[in-house]
Structure formats: structure tokens, C-alpha cells
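Visitor: So you can see what is in the structure, the chains are spelled out below.
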Amino acid sequence: MKSKKKTKVSERLRAWDQSSFDLTDALELNPPLPKAPTPEDRESLPVIDRIEARQFAGFRKIYPWLAGLLGLVMSAFLLLGVLKLPPYGAADNPPHNEVMDRYVGEGMHETGAVNTVAGVILDYRAFDTLGESHVLYTAAAAVLILLLSSSRKGEEPPELRRIMEDDPILRNTAKVVVPFVLLFGVYIILNGHLGPGGGFAGGAILGGGLILYAIAFGYESLERLINDRSYRVTIAACLCFYSAAKCYSFYCGANGLETIFSTGTPGAILSAGLILPLNVAVGLVVALTMYGFYSVFQRGRI
Amino acid sequence: MSFAANLPLFSIVACLICAALSSLLREKAAAWVTRILALAVAAAAAAVLVLALKTGQTTTYRMGHYPHPWGNELRFGILEPLFSGVFALVLLACTVGGSRELVRDISRSKRSLYYVMCDLLLATLLALLYTNDVFTGYVFIEICTIASCGILMIRRIGRTTLAAVRYMIFSLIGSGLFLIGVVFLYAQTGHLLMPNLKAAIAEIWASGQSRTPLMIAICLMTLGLCIKSGLFPFHYWMPDTYGYATPCSSGILSGLVSKGYIFLLIKLILNVFGRDVFYASGIQNVLYLLGVVGMVVGSVSAMRENDIFRMVAFSSAAQIGYIYMGIGLSPELGILASLFHILTHAITKPLLFLSASGLVTASGGDKRFRALLGAAHRNPGAGFAFAVGSLSMIGLPLTMGFIAKYLFAFAAFRENLRLVPTLLALAVSTVLNAYYFTRTLIRIFNTRDLQPTAPVRLRSQPHFALAAALLIGANLSLGILAQPLITLLRKGLAMVL
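One line per chain: the protein sequences are A and B, in this order.
Residues 762 to 1063 in the numbering used here are what the first sequence lists, from first letter to last.
Residues 57 to 553 in the numbering used here are what the second sequence lists, from first letter to last.
Extracted from the complex, chain B is given alone in its bound form (with noise of 0.2 angstroms):
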């Protein structure tokens, strides 16, 4: 076995041991060890594609001595690493970008705790991504959750508690149906493993007896995944877990946390339901509805704030709108768009709200849309940050965005029923997307009554400006250049199907 195969176990425990490391550490050194761990996460990840690449196909990496269905069980192809890899970059963005933030939202005997909760999150979601065995999943689901509510209640505002409960509540609820949905799925088949599963499940759905506790052990695990992601209609939680956590938090919960459970959705839907039963079940319709329901719903709400902050939370519960009708569309073209949406929102909304927080603080602190009048001029650097990634969100062509849109569009186009209440949908969500978000970038960029200050220059904000332009350009260079990464994105699903 070439030595790159062990680098996801080695990933992942590396994260473990510096989050168990770090409630020792300052907070200066704890982030360092948190930067470092998500750069050498990164490295480790593109080692891993690149024996992937060579390969041709998907690993199984034992854990232990035994193989399944005895013992547990890595497995990763192109999308894993892929993915680890940019959720461990975003995550090195997200903290670098909101230092400052952290440093103004967080008293200080708190902070090295901060890092802790960011580490073990990196290590959930590398976890999530590699795991080939339920049950290890509903374990780094149960991290995940405590994680999450950590980083969100650590800064200590009574909006933040509120808030955490809530999502608390949600989350637990969701990982609820998860595990009782794994108990189902024991109880039918005996398996716990990924491969051993599916072939059970082929069994019984073939046998055509017994269906209904199989149907029941799939869609509670959905819903699961679902209710904890943010599917309208569970996305009340958002707005306030994402408007007012300090802005790294938003960044990781909104761009990675949720996204780490669509990955695990996805991966059950291949490797484990199998695409031939879960497209046959009818579950794959709810979700597209949903989705596309959620799309236009998330807009509306989001057009209706008068924060900015909640304006950015509403719009990603319509991004997550996006990525559910990809998955309820098809299992190839369908599921192709929905992977390459979740690298571009989790690249494009850890960005707003950072450029957001910036714009915020150069307005004296005031998140509302009036305050923010003409706040660009005040911080150009957040102002240009905001204004990419709301392009971005709109979906212009030079961005991810339009490249994730034309995938949803282009894979409507393979279905009969679903084409015209797709394209509806992709154009309304579009519209309103332009929308609220053309008008946010008026209001920012407003000359009117100006008051003549010294604008912020992004040398005084280095943190900042590193963190913008390592997303800025993966944005614009992956919404240029986007052919390579979909090949990419197709060859990893083709392993997998």
C-alpha cells in the first residue's frame, strides 16, 4: 500500500491530538497550531488526490486488523480529498480572516478554547468525508453538533444564546432521526459498514418484502442530514446562528458545517441506499421540492432583512435550496452540480461574511443597511471582498457561481417533468439573489452624504486581506478555469457510482 493512503487516518488523528493539545496552549500559539494543522490537512489531502488520480479508483483503508464487515473502515476516491482539502483551506481563511473578530468578540481565557473547538471540527468533517461506516458518522455528527454550538455561544451576547439553543435543539433533533434511522438499518441487515450495507439493502429492496422499514430507516436518516444542513423548511435556525456568531464562526458553520453533512448525504445516497433504490423511493422528489421551495423562500427572507449580517444567513439557506434540487434531480449530472455548488458556497460565504464584519466595523459597529451607507469607501479592501462574493452569489459568468448554475441548468435538461419548474426556479432565486444583493452593493457603494474619513487601507488589516485574497482568487480562478475541477468532480462521482 503506498504510504499516501495513510494520510487520512494520520489527518485526521493529527487534528485530535493538536485540539487536545491546545487547551494547553496561549491562544497565539493555539492558532498557530490550528493555521499549521489546516495547511498540512491541505497538503495531506492533494497527496491523497494525487494517488487517487494514479489509481484510478477508490481506496479501502482498514482501521485495525480487521477488514469489514468486522472492523472499521476508511474509503476515499477523487471527491474526499478533493473536499478535505478545500474545506481544511477555507477553514485556515476563516480563522486567519476573523482574528481580529475574535479577538474583539471573545474574552480571553476563552480564546485557546476557540482553536480547540476548530480543530476538532476539522476533524469532524474529515471524518464525514472519509468514513466508510454509518455509525462512525453518527460519532463525528455528535462532535460536529457540540462543536458548532461552541463556536457559536462563545461570544457572549444574549443573541448568541438564543441562538445556540436553538440550533441545538434543531441539531439534536437531526442527529436523533439520524441515529435511530442507523438502528433501523441494523436491525434489517446486521451491517454497519458502508459496502455491506448496500448490498443488504440491494437484498431487500429486490426481495420486494419488507420495504416499509427500510423506506422509514432511509428517510429518517435524510431527514436527519436535512433538518442539521438547513433544507427549508428547518431553516429557522439560520439566521440567527449564522447573523450573530463572531464572523469566523459564520464563516465555518455556514460554509462548512452544513456542507459536511450534505457530503455524508450524499456519500449514504451512493454508497450505501444506493442510487437505484433511493431514486426509485421517491424521497429524491421531497428533497428537489423542498429545495426548490427553499431557493425562493431563503431569498424572500433574505430580501426582507434590514441586517446585514442576517440578509448573508438567509441567502445560504436558498444556497442550500440549490444544492437539495441538485441532488433531487439526478444521481449523475444532478449530484455533479450539487458537489460543485457546495465548493462554491463554502468558498463564497465564508468571504461575505468576513467582508461583511469589515464593512460592519468601519461603520461603527452598526449592521444596519442604513448605517452601512457608503461603507465601501470607508473599507475598500471589505467593500471589493463583498462586492466579488455577491457577485459571485448572483451567479455572473467569471464566477463559481454562474459555473454552479449553468450545472443545475444544464442538468434540467435531461429531465422531462422537471425542466420547466427547475429553470423557473433557477431564474426567480436568480432575480431575487440579484436583487437584494445589486441593492446591498448600491447602499455600500453610496456617495451620498459621505462623510469625508480616512478609509481603512488593507495594510492595516493584514489578517484580513490574506484570508480575502485566498478566496477571491480560488472564486475567480475556479469560475475561470472551472473544466479541470469538473472533470475532476465527474471522475470522483464516476468512482463512487
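Isolated chain A (complex conformation) (with noise of 0.2 angstroms):
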């Protein structure tokens, strides 16, 4: 029986690894099964695992001991180097120095960011934040490609669906919740200089809000703001915008030129040249990022 159960799991698995197999597929409840390949077809098709199958037998045995034996030395290695760190918090710790100094001292003077940490992301080392912005719409792009359904079909799954139509506590809370979430996240936003926050983490808020949103009211009341067009227009702007403002920026700087961007009245929010439209397109992307993987994961569109 055991074994009966084996070869058949075994097969289904050749088959979905021989055949084209499409993710979105597993998008709904019952997924087909896969065709079982025909004797013919096993015939023509290249032996699969064979590694993992018949040359290693005996390491698949030995596997789970040799990855946990792996695991302990790589800890304790880890653990031995922390505990051969300067400790933790002293002040005499090598990464208090000249950085720290100027960062802290001279952050509000230079930048114009009350919020040091604005300062430092976006101004000092703003060529990694540029980089960082573009790990998102990466991960977006390759969610696109791993989820996006060629069908226009997609919806969620019709059993959601009814769940959350007939489910007023969601309904009511989220009426009464999103616009506040929404606020909220603008705020942290445009605050992004001045205090704690900025366009990553009001970013993840609006698009905290606009998930939640989607799942009370559905997908279709969202469509007319957020669309497949629209999405790509938006981030796309933003991150252009980002790029060329952040390569202005650099290209003066390496040359000694003044921007055109000036520090302002620290405090006062137009203030601190780049930062606050910088957080804004940041924001935004975030905030489709988010509401994008949700939809593509939901549904395979945006």
C-alpha cells in the first residue's frame, strides 16, 4: 500500500516536472492533476533525479544528520566570533568614531534632516538606499514573472470571496479603520525628515492600508485607482524620478558643483532639499510593492 502510494506521488511528481506546469494553476482550490506521462513519453524524456535518486541512495539516509553536524559548527563558529566582538554598547567601540561623529554632529547642519537617520539613507549613502529601492521593484518585477496569469480571468477564489461579503465586522472596521491607516501612512511619509519614519516604512502602512481595503470592499472598487497600467506608470515614474534626482545629486557633488536643492529651515517641512520627494516616491513604491504581491499573489494580476 505504502509503496503503491509512493510510486504514484513519485509519478505525479515526474510528471509536473517534465511538463509545463503553470503556478497560477495553484492559485485555485482543486488544481487539475497533471497528465501522467505516458510510457513513451518516460521513454524519450531525460532520467530525472538521478542524482537524487539513485547515485546518492545512502546520502538521503545521512542528510538529515550531516545538515544538523553542519548547522551546530556553523553556530558555534558564529557564536565564537560575537563572542570575541568588542561588547555591545561601550563607548569605546570602533564603529563610535569619525562617522558616527559627523552623522550626529553635523547630520541636521548638512543635510537638513532633523531625523539623522533620513539624513544618513538618503544623503550620505544615498547610492545604497538608490540600490535598495530597486531590490523592491526587483522582487516586484520577478513576482510578476512568477505569479502573473496569462488569463484576464483572475479573481480570488469564489469560496474568499463569500466569506468576506457576508462579514459585516469586517466591512464596518475596515470603513472605519483605512482612512486612518491611509493618513496615518502619508504622514509618516511626509514626516520622513522630520521625525522617525520616511517612504519605507509609510510605504508598508499604505499598503497595509490598501490590502485591507481590498479585502473588505474587493479588488474591483480599488480598479479605477489601482490598475495593471497604472501600477507600471507609477512605479515606474517614481523610481525614474529617483534615479535621475539621486544621479543629479551625485554628478554635482562628485564635481563640486552646488545643487539646485537647498537645506532649508531644519524643522519646517520643505525642508532638507532631496529627502521629502525622495521619501514620497519611495513611499509610493512601497506601497504598490505591497498591494501588488498581494493582489498577484491573490489573484495573478494587479
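Everything labelled a hint here was simulated from the structure, so no lab data went into it.
A few chain B positions that, by computed beta-carbon distances, are all more than 12 angstroms from chain A: (1) G330; (2) N341; (3) F466; (4) E471; (5) L473; (6) L497; (7) L506; (8) P518; (9) L522; (10) L526; (11) P540.
Residues from chain B shown here face chain A by an in silico Cβ test under 10 angstroms; the list is partial: (12) A61; (13) L65; (14) V69; (15) A75; (16) N128; (17) I162; (18) G206; (19) T217; (20) H247; (21) L249.
For each residue, glycine too, the CB sits at the ideal point set by N, CA and C.
Starting from the two chains in their separate frames, assemble the complex, guided by the hints.
Guide: So this is what it looks like as C-alpha cells:
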């Protein structure tokens, strides 16, 4: 019995492995089983998992033990390193050097941002953050590659949809909460140079608000605002603005020119040069990406 | 500051902007954007190279108004523009030469996303080459990881999904180890910029105290990059990744992405760890040993394959072994040979994948050798290209592969203890390479039982012909006239050392 079940599983794996397979099928609750290959198919296809199944049969048995051992060795190795590091929080630690002194001491004056973190990530080390926001874009594009369904039918599964439509608690809570969530997200983004927050944090909150709205009221109600076209256009526009603006500022910095953006009065809402517009751009990208992830995972399209 | 010094920044930003815009374009337009972008990047790299040759020293480019140790920086001598130019041209050749397979393998709605990923990968490679900051290196490693998975899994067969999962796991372990290494270094030095790190590390090493965490940091970063570039015994993601992706992706992943990581490692060894510290640490011996074993094991695995793509993929594992063997040998001649071999492999491997795909298509899509009997008569252009690539991998004179092996052997003669093992490994690996590549060549040029079919003419596959001409031309011309390139590499290395 057991071996029969095992062969069935391996047949299905084989079929899955060798036929074309659309991951969006998995979004349906009961995906159709892939067709089992006929004997001729199997003859003509390369033998799969040769390495895993036949050549290293013994390896599979000791594999968990080896993995555990490796994990232990790595942990010991890392812990040894941590033990020998300078003690956490000591005043004379190497990171408390001229780098930190300038960030903390001169940061507000040089970048115009009261929030030192915003000053560091969007001015002193802006190139890293430029890369970091493109990490997000890359991830969003990769998720589209993985899950974008070729058909236009994509909707959430009907069961889920019925549950949500019949849920007055969800709908009424969302009605009350969503405006505040969105407002808070906007505040965090716009306030990024003045206090804790910024584009990444605020964008995540905005995205969360949008997702909550979509759960409670369905995607159609949001579609006028966020559809495939507007999603792509907004993200591309924000990233292009980000890259171009930062390129200009790097260019000016490297060639010893003054930029047209002034730091303004630290503490004022319109200050800190490029940091505020960059935060807005990052915030939009993050919010849309969060919403996009949810939507694509749920129904295979934006 | 000369205007050309701005070009690395402009190249990176242009790639990022093109990547963002390409998601709005249709596939044809996106493809042209990528091609023009790659050409422009190569032209910019040439201008930067001329600048570096004129000034004769490395240029540090401040990214913004703050110098190191406060702000990000780029730094480039001869090596960085040279490699970025070659990488851009190879990327161009891959996307052009594999364009027919792209249409076959990728569904219409996703093709423009493929070019988005290519643009992002080019940006990443440039950033990894030019950066003077280890954390910038990490950020772009992240983009590289995700984009590599993207171009792998965009071909929707079960095997690529499986391969992408495996690649992702290996790759993320590599990135994670690299990041922990950066954190360890930061905790001990308080710096992220390469020149400051180098000074601080030299100081710690000279003081003789608290060397342990320093060694651990160096180990972790090296290990992370080794896993990501597929050094033995971390090469088991290779056959699936390169073997089942669309040929263009296989070429980019094997020829460029893994080389970007290796270049970063070389940069770390010379500009961060310092060659004295690194070559006193003993890690180089481990790299040397793994490289030597990888050369043989990769070749043996390739020999046992029955699938042409997987065979070529396993041969990549062996070539990565060569590169690490060179890094382990010595900082001057060893790394020189490794740098040359990086170029050799970057130029040769995409050619092999593209031509193998041509042969397979002409044989009814069957990748096994039995079906490939006489394939070179069905598609003579692809057969010729595969032959040139194979000969270069074996290391016959007139090809780049010969020069690379010559340089490795030359570097070995400066060693006492490692002379014999190096030469032996080179010999064994070459014989094995020759065995399986010659066997493949005999099979595809076989005339027995040949069904008379009209051969596929080059005229009917202009994209492949163009890409193959570029790659073959580069291979042969650099193989015949290698001295200028070696001189360039030597000068570039001397600038950094």
C-alpha cells in the first residue's frame, strides 16, 4: 500500500517535473492533476533526479544528520566570533568613530534633516538606498514573472469571496480604520525628514491600508485607482525620478558643484532638499509593491 | 575632473532608468532598449578605460558631497571598465543570440519583464565592478540574486521552477553569509568604505590581538561569494540552473553573474582584506584546494552527463574551479591568470549555450546525445560555433582557453610546493575536458545514418549568426593577440596592488 502510494506521488512529481506547469494553477483551490506520462513519454525524456534517487540513495539517510551537524558547526563558529567582538554598547567601540560623530553632530546642518537616519540613508549614503529601492522593484517584477496569469479572468477564489462579502465586522471595521491607516501612512512619509519614519515605513503602512480595503470591499472598487497600467506607470515614474534626481546630486557632488536643492531650515516641512521628494517616491513604490504582491499572490494579476 | 570619470555613474543610472521604463514597453521596444543600453555601456566603459590609461592610476569618484568614510564611492582603474565593457558586450550577444528561444520559451505577457531583468542585471554587474563600498556591494548582490532567479524561472517548465528554488536557497545562504561578514567587519572597524576598512584591518592584523573575529569575517564573506559563484562543493545548483533555463539566461548566468561575484571577491581581497592579510590567513589554501578538486570533479560530472546543456553546465563548475585555483595560488600571477580566465569563460560559455541550443532545435528539441548525432550537419553554423567554443574550453592554441591555461601554468612555476599539484590538476582537467568535448564534437559531426535534410542556413538565423560572430571573433582575436590584453590586466592589477 505504502509503496503504491509512493509510486503515485513520484509519478505525479515526474509529470509535474517534465511537463509545462503554470504556477497560477496552484491559486485555484483544487488544481487539476497533471497528466501522467505515457510509457513512451518516459522513454523519450531524460531520467530525472538521477542524482537524488539512485546515485546518492545512502546520502539521503545521513542527510538530516549532516545538515544538523553543519548547522551546529556554523552556529559554534558564529558564536565564537560574537564572543570575541567588542562588547555591545561600550563607549569606545570602533563604530563610535569620526563617521558617527559627523552623522550625529553635523547631520542636521549638512542634510537639513532632523531625523539623522533619513539624512544618512538619503543623503550621506544615498547610493545604497537607490540600490535598495531597486531591490524592491526587482522583487516586484520577479513576483510578476512568477505569478502573472496569462488569462484576464483572475479573481479571488469564490469561497474566499463569499466569506468576505458576508462579513459585516470586517467591512465596518475597514470602513472606520482604513482612512486613518492611509492618513497615518501619508503622515509617516511626509514627516520622514523630521522624525522617525520615511518612505519605506510609511509606504508599508499605506500598502497595508490598501490591502485591508481590497479584502473588505473587493479589488473592483480599487481598480479605478490601481490597475495594471497605473501600477506600472507610477512605479516606473517614481523610480525614474529617484534615479535621475540622485544622479544629478551625485554628479554635482563629485564635480564640486552646488545643487539647486537647498537644505532649508531644519525642522520645517519643506526642508532637507531632496529627502522629502525622495521619501514620497519611495513611499509610493513601497505602497504599490505591497499591494501588488498581495493582489498577484491572490489572483494572479494586479 | 575629466568628464569621462562621470561615465560609470551615468552607466549605472542609465541601466536603472531603462529597467524602470522597460516595464512599460512592449517586448520589441524593451529588447531594443536593452541592446542599445548594452552598447552604450560598452562605449562608456571604453571611454573610462582610455581615461584610466591616460592618468595611469585609479580614480575615486565621490557619490555625492561627502568623501569617504562618510559617503558612498566608486573607484576604478583599468580592470573595472575593461570588465564592464566585456560583460556588456556579452550580455548584448546573449540577448541577441537567444532572442528566438526567448520567444519560444517565454509567454508573451512576460517578455518585456525579461528585458527589465537584463537591464537590472547589467546595472548590478556594473555596481559590483565599480563599487568602493562593501555595503553597496551587498545591496547590489541582492538585486543580482533576485534578477537571476527571475530570468531563470521565466521559462515555465517544472524543472526551471525546481532549479530556481534550489538556486535561490544557495544564493540566499551566500548573501546571508556575506552580510554577516560585513556586520562583523563593521563591528570591529566601524567602516564600510573599502580604503578605511583596509587600513583598519591592517591595523588589527598588525596588533596581533582579536584576530579571530577578523578571520571569521573574512571567512564568511569569502564563503558567501564562493557559494554564490558555484565553487565546488557548492556547485550542485549549476546543472539544473544552466541546463534548463532559456539559453540566453544560461549564458548570462554562467558567463556573467557568477563572474561578477568572483570579481567582487578579488576586489575584496586586494582592496579590503589586503593581500598580505589574506595570503597570510590560510584561506587561500582552502580556495586553492577546492578549486583543484572542483576542476576534476566538475569535469568528471560533465563526462557522465547525457544531456548537452547539463554537460556544458557541469563544465562551468570545472572552469570556476580554475578561477579559484588561480586566486589561491598567488596575488600577482595567480590572480592575473584568474582574471584572464574570467574573460575567457565569460566569452566562451554563452557561445556554447547558444550554439548547443541551435543544435538541439535542429534535432527536434531533444537534448540527449543520441538525438544529436549529426546535428552539426543539420545546423552547420551552430556546429561551427560549438566547435570553436569546445576547442577554447579544451584549451587549444589560437583560442583564449589556451592562453588562460598557459597563464595558470606560468603562475604555478613560481610556486614550490604547489607546482606539481597545479600542473597535474591542469593536465587531468584538460584531458577530461578534451574527452567529453571531443566526444560531443564527434557525435554532432557524425555522418553515419544521416537523414538527408535541408540544413538550417545562417541566413535564416541572423540573430544567432551575429552573436556567434561577435563571441567567436572576440575569442579568436584575443586568443591570437593575447599580449595586449595581458598587459592591460597586468597594469590594472598593478594599480590596485
